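Whole structure, please, built from the sequences with the hints as guidance.
Here is how the chains run, residue by residue.
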Amino acid sequence: MPEPRRLLDVAIVGLLGMMLVDGLPDYLPGIPTASRWLDPVVDVTGLEQTSWKLFAPDPDHINTWVEAVVTWEDGSTSTWTTPSWRHRTLLQKLMHARWHKAADNLRLDSWRRLRPQLAEYAARQAVPPTPGLAPVHVEIFRHWWLVPPPGRREAARRRFGRLPPLREDFPGTKSIHDKDLRPRARGVQPGGVREEPAP
Amino acid sequence: MRERFVAAWDRFWHTPADPRVAAGLRIGVGVIVFLAFLFQAPYATTWWGEDGLLPSRVARRLLDPDAGSVLLLLPPDDLWLWACFGLAMVQALLLAVGWHSHVQAACLFVWLVSFQHRNQLVIDGEDAVMRLITFFLIFAPISERWSLDALRGRTPRIRSGWALRMIQIQVTFVFLAAGLEKLPGSMWRDGTALYHIFLLDDFYPRFALPEVIAGNLWVSRLMSWGTLALEVAVPIGVWIPRTRALAVAAAIFFHLALDLLMNLYFFEWIMIVGWLSFVRWDEDLPWLGRWAAPAASPATAD
Numbered sequence: 539m540p541e542p543r544r545l546l547d548v549a550i551v552g553l554l555g556m557m558l559v560d561g562l563p564d565y566l567p568g569i570p571t572a573s574r575w576l577d578p579v580v581d582v583t584g585l586e587q588t589s590w591k592l593f594a595p596d597p598d599h600i601n602t603w604v605e606a607v608v609t610w611e612d613g614s615t616s617t618w619t620t621p622s623w624r625h626r627t628l629l630q631k632l633m634h635a636r637w638h639k640a641a642d643n644l645r646l647d648s649w650r651r652l653r654p655q656l657a658e659y660a661a662r663q664a665v666p667p668t669p670g671l672a673p674v675h676v677e678i679f680r681h682w683w684l685v686p687p688p689g690r691r692e693a694a695r696r697r698f699g700r701l702p703p704l705r706e707d708f709p710g711t712k713s714i715h716d717k718d719l720r721p722r723a724r725g726v727q728p729g730g731v732r733e734e735p736a737p
Numbered sequence: 004m005r006e007r008f009v010a011a012w013d014r015f016w017h018t019p020a021d022p023r024v025a026a027g028l029r030i031g032v033g034v035i036v037f038l039a040f041l042f043q044a045p046y047a048t049t050w051w052g053e054d055g056l057l058p059s060r061v062a063r064r065l066l067d068p069d070a071g072s073v074l075l076l077l078p079p080d081d082l083w084l085w086a087c088f089g090l091a092m093v094q095a096l097l098l099a100v101g102w103h104s105h106v107q108a109a110c111l112f113v114w115l116v117s118f119q120h121r122n123q124l125v126i127d128g129e130d131a132v133m134r135l136i137t138f139f140l141i142f143a144p145i146s147e148r149w150s151l152d153a154l155r156g157r158t159p160r161i162r163s164g165w166a167l168r169m170i171q172i173q174v175t176f177v178f179l180a181a182g183l184e185k186l187p188g189s190m191w192r193d194g195t196a197l198y199h200i201f202l203l204d205d206f207y208p209r210f211a212l213p214e215v216i217a218g219n220l221w222v223s224r225l226m227s228w229g230t231l232a233l234e235v236a237v238p239i240g241v242w243i244p245r246t247r248a249l250a251v252a253a254a255i256f257f258h259l260a261l262d263l264l265m266n267l268y269f270f271e272w273i274m275i276v277g278w279l280s281f282v283r284w285d286e287d288l289p290w291l292g293r294w295a296a297p298a299a300s301p302a303t304a305d
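Heads up: the protein sequence lines correspond to chains A and B, in order.
Going by the working numbering, 690 is the number at position 152 of the first sequence; the sequence numbering is gapless.
Going by the working numbering, 144 is the number at position 141 of the second sequence; the sequence numbering is gapless.
Any given hint could turn out to be false.
To be verified - Partial pick of chain A residues on the chain B-facing surface, computed with a CB cut under 8 angstroms:
#, residue
1, 562
2, 563
3, 577
4, 578
5, 582
6, 584
7, 585
8, 588
9, 597
10, 623
11, 632
12, 633
13, 643
14, 656
15, 688
16, 705
Honestly, the hints are just simulated from the structure, not real lab data.
Everything numeric in this text was worked out from a predicted model, so none of it was measured.
Note that CB positions come from ideal geometry on N, CA and C, so glycine has one too.
See the structure below:
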C-alpha cells in the first residue's frame, strides 16, 4: 500500500502532464495526437487549458462587426448590431466584454452553425418601427476592414480620415446568413423591399 | 541518487506553503470572480439563457459532449440560471471573506466549469486562468489567515505546499505557452505585431494613442520584441532565486501596462493575482510581513 504522499505525487505528475499536453503549442511534435487522446479527460474534469495563442502566431489584422437586418411583417426593417467598441464608458466596457469574443467567433465560419440562432436572437432584440409587428426575415452581414501593412498606413489614413476607421466606413461587406422566420406577407421581400404588383 | 531526487522532490512540492500567500490568492480570486460575474449580469440571459444566443437545446447539439455543466442538467428555465448565477456570486464573496473557504473554492470551481462549458462561444483566456487557480485553491492553506474560518478557529491543517506550487507553475506556463505560440509568427519576428494590434478596434486602447506611438514602426518593433523577450525570460527568471523578485515585478508591470493600453477584461488582474503566489512576504514586503505574523518555511522559488 503506497503512502498517501506518494499517491499525491502520482496526482501531481498527472496534473503536470495534463497541463503540458493540453496547453503546449500544436506545432510541437506529438502534442496534437496526445492532446486528442487527453481531450475527454480534461473536459470531464474541468481542467482543460485553453489556447494560449494570445495574438499568436500573428495578431488578427482585421476589424469586424456583425449586423442583422430584420424585416417585419409589414415590410419595414430594423437593424441589430454587435456593440461598438468606441466611445464606451468603463462600465459599458466591462459589461460588453464578452461581446469581444462572441463577435469575433460569430463572424468566423467555424461557428456558422450558430447563425440561425443568432438570427432569432437578433429578431428578438431588434425594435420594430411599430410595436407588435412580428419579424419575418433576418439577414446577417459581416463587415470588415483589413489593417494595412505599415507602408500603406498613410494612404489608409488619408482615405478614412482616421485609423482605425469608423465601423460604418469598413469597406468589406458580405451576407453570411439569410433566414425566413415565418412565411412573409405577400409581396414583402428580404430587406423590406416591397414587390411591385404585376400590372 | 534516488534518495537525493526524492528529497529534492519533497522539498519542492511538499514544503508547507506560506498561508499569507494562499490567503492573498483566496481574496484576490474571490473578488475578481465576483466582479466578473457581476459585470456579466446584464447579458447573463444572452450568454446562458433560453432566449439567448445559445439555448440549452442548441448547446447540447453544438457543444463538446464531454464538457459537462450543471446548467445543462437543470430544467431549461431562466429562473434556474439566475439561481445558479446568484449562488456563484455569493460563493465568490464567501471565498473572499473566508467562510468555509475550501467548500466555497470547490463549489466556485464547479460553477466556473459549468458556466464556461455551457457557452464556449464567449470563453477566453482569463476564464481558464480563474478556473484553474480556483481548482488549486481547494487544496491550498487558504483559510489560515485573514478569514472568518481563522476567526472561528476552524482551519484544516494542510501540510503540503503542492497546490501553491501548481498555481505558480500554471501562471508561468501561461506566460511561456503564450511566448512559444508567438515564435512562428512573422509579425512578431519582424516587429509589426504591435503596429497591427494598435489598429484593432475591439482591443483599441481606452484612449487614443498618440501617433508617435501608434504609427511609429520602431516603437512597434521595440514593444513586439520586448513582449517576446519578456514572455520567454520571465518564466525562467521567476524560478531562479536571485532574479525571482525582478521577474515577478517585470510580469506585474507588463500586465498593468497591457491593462492600461488594451481592452482585456480581467485577464491581466487574474494573472497578477497568480504572480503574487511567488511573493516572499518577509523578503519582498518586510513592512507587510511584520504586520502579518510570519509563517514558517514558506514554499517559494528556491
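**Report entry** Index of numbered hints that the structure contradicts, given in increasing order
**Finding:** none
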